[in-house]
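Fit chain B to the given chain G structure using the hints.
Chains as they are written, first to last, in my numbering: chain G, 1349 to 1580; chain B, 17 to 98.
Hints were generated in silico from the structure; no laboratory data involved. Among the hints, erroneous ones may be present.
[As the list claims (entries may be wrong)] Result set (SDA-like, lysine to any residue): computed pairs, CA atoms no more than 20 Å apart in a straight line: (1) Lys26(B) <-> Leu1405(G); (2) Lys26(B) <-> Leu81(B); (3) Lys26(B) <-> Arg76(B); (4) Lys1457(G) <-> Leu30(B); (5) Lys1457(G) <-> Val37(B); (6) Lys26(B) <-> Pro1502(G).
The lines below spell out each chain.
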Amino acid sequence: MRVAIIVFPGSNCDRDMMVAIESITGRRPALIWHKERQIESADLIIIPGGFSFGDYLRCGALAARSPAMEAVLDHASRGGAVLGVCNGFQILLEAGLLPGTLVKNTALKFVCRETELAIEPDAKSPLLDSLDTDAHSQLLSIPVAHNEGNYFAPEDELDALEANGQIAFRYYTKAARQPYNPNGASRNIAGIFSPNKRVLGMMPHPERAMGNGHASDDGRRLLTSIIAGVSA
Amino acid sequence: MKVTINISLKEGVLDPEGRAVETALANLGFTDASNIRIGRQISLDIDAEDASRAQHRAARMCESLLANTVIEDYEIKVAEEE
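The shape of chain G in the complex, shown without the other chains (with noise of 0.2 Å):
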């Protein structure tokens, strides 16, 4: 199991994420850094957290230029697994990988919370598959921390991702049972896939739920069932 972690200028969640994907699979991944042309044949590409090229012109606007995106829009085209988290997610979306865009919270503040969040029914992706999505019952509880993570889309654009069982995860609370929108989120969306499922993004940071006094082990959960996804 192979996994390459892009690093731009500015990403911060980088090694977080190395740490937290080498105690599930007990190997290093490599950290590609972006000018990168080729990434040597990985099965995973993780986009991390951070504020690449200081969020400047738009969140992940120059990152997603930038010579490792080629490599990753390459690999994605093959079928290749990727991942993007919070600022991976915008550089995702900036890419063209996935479609719509993040824009500011509408509460204009920064948003640093832990989140539950509800595992859409209909989505069947390899990356989820020993996950149990049964309904609401499963959910997982994964923080945020964002300013821009306000996912919108054009509404024609909103139904077909949930025509297509695109949307994997939206923003949800257990006290009250029903739907909690950290951030103005069109249809409380926190992550989507690609058409054949094999693209993730989403803006809570599962290298930051990994257990070990961290308020949960949801995100170890979740890495977990993405690295078999791949593997599978």
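Here is chain B on its own, set in the frame of chain G:
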């Protein structure tokens, strides 16, 4: 050629920043201000033979990087030569 590109949010896209500024203006007594939208202006020089070529290149730049056409519109102005 001197080129100015105005990038603005498409109609129908919520502008939380514009809304916050509107509230602040209202607090200052400017209750006559509404529909505030905040955009971005990019000015640049383009090495081109004529205005239409510069316009064309600027549009390409907008489509490939400068604007996110999911949520933004762009308007290009090429300055007349002296």
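Here is what the structure says about each hint:
1. Lys26(B) <-> Leu1405(G): Holds, because 17 Å separates the two Cα atoms, which is no more than 20 Å.
2. Lys26(B) <-> Leu81(B): holds, 17 Å
3. Lys26(B) <-> Arg76(B): Distance of about 19 Å is within 20 Å: holds.
4. Lys1457(G) <-> Leu30(B): holds, 15 Å
5. Lys1457(G) <-> Val37(B): holds, 14 Å
6. Lys26(B) <-> Pro1502(G): holds, 11 Å
Taken one by one, the earlier hints all hold for this structure without exception.
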